[in-house]
Each structure stands twice: as structure tokens, then as C-alpha cells.
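Colleague: Sequence:
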Amino acid sequence: MSSKHTYLSHTADIAFDVEADSLEELFTEAFKGWLESVVEITNVEPSDELDIKLKSDSLEQLLVDFLNEINFLLTVKKILCLEVKKIEVNTNKFLMRVLLGTVELNDNFILKEEIKSVTYHQMEIRQENGKYFVRVVFDI
0 MSSKHTYLSH
10 TADIAFDVEA
20 DSLEELFTEA
30 FKGWLESVVE
40 ITNVEPSDEL
50 DIKLKSDSLE
60 QLLVDFLNEI
70 NFLLTVKKIL
80 CLEVKKIEVN
90 TNKFLMRVLL
100 GTVELNDNFI
110 LKEEIKSVTY
120 HQMEIRQENG
130 KYFVRVVFDI
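Once you know that position 99 of the sequence shown is 98 in numbering that gives the first Met the number 0, the rest is easy, because the numbers rise by one and skip nothing.
All the given hints hold, so there is nothing to weed out.
The calculated SDA-like cross-link candidates involving lysine to any residue, where the alpha carbons are at most 20 Å apart (straight line), are: (1) Lys31 <-> Glu48; (2) Lys76 <-> Glu113; (3) Lys31 <-> Asp16.
Derived from the structure by calculation, the hints contain no laboratory data.
Using the sequences and the accompanying hints, generate a full structural model.
Modeller: Written out as C-alpha cells, the structure is:
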């Protein structure tokens, strides 16, 4: 597994490029970029699990929906998703199922940024030479 995300300089937004060997790794790495953007990570283990199923009209919409869903859980439900335990992406039907390790948000977490929304700006999931790439932009 050789996935990574690289932050970019972006005015009034947070942006990063993701590179991965598979779509599942691409979605997982985008999740990690979101997590690093919103909270200062400490040595906290998930205390619960959450199973999420999503259906969209495209892979890009599926990724936006996924990231917006975990952001909603944080900002509204006060549930912090700490890790992707299992992920399945169906490219034919634009379906995904993800099992997340979660914890209730508490004073032990230092929030860095409040993300208003995940945007479609410059988002295009593409495959080149056996790798998947995408740019993710968060409106803050």
C-alpha cells in the first residue's frame, strides 16, 4: 500500500492531492486528510464503530458525500471518526460501505478548523499508470 496526501496552498480553503493504489485507498487517504485538517490527533483509540452506506451518481459525488457525512457527524452529532476499519467501493453502481472507528467528541480533542463543506472544486478522480488521483478542497 503506497497511498499519500499532500497539502496545497489554497486561499480561504484547505486543499490536498491524494494518490493511491486503489479506490478504497484513495477514499481512506482522503479521510485521513480530513481528519488531520479538523483535529489535533492524540493517542486515542476508537470506543465505538459506525457502519455507513452511501449511494451517489458518480465517484466524485460519492467521495464528497462520504467526507460531508463524516464532517456532519463531527459538527452536528459530535462523533469523531478516527479510523477507516473497512471500506468497499462499487464503481459500477457508485455505492460504498465503510466501517469507521469512532469516539464521542470531548474536551481532550483540539479542533483545528471547522470545515463548512467539501467542495467539487477541481475534483476529478482519475486513474493513470495503475494509480488513482484526486484533489480534495474543503471550504472553511
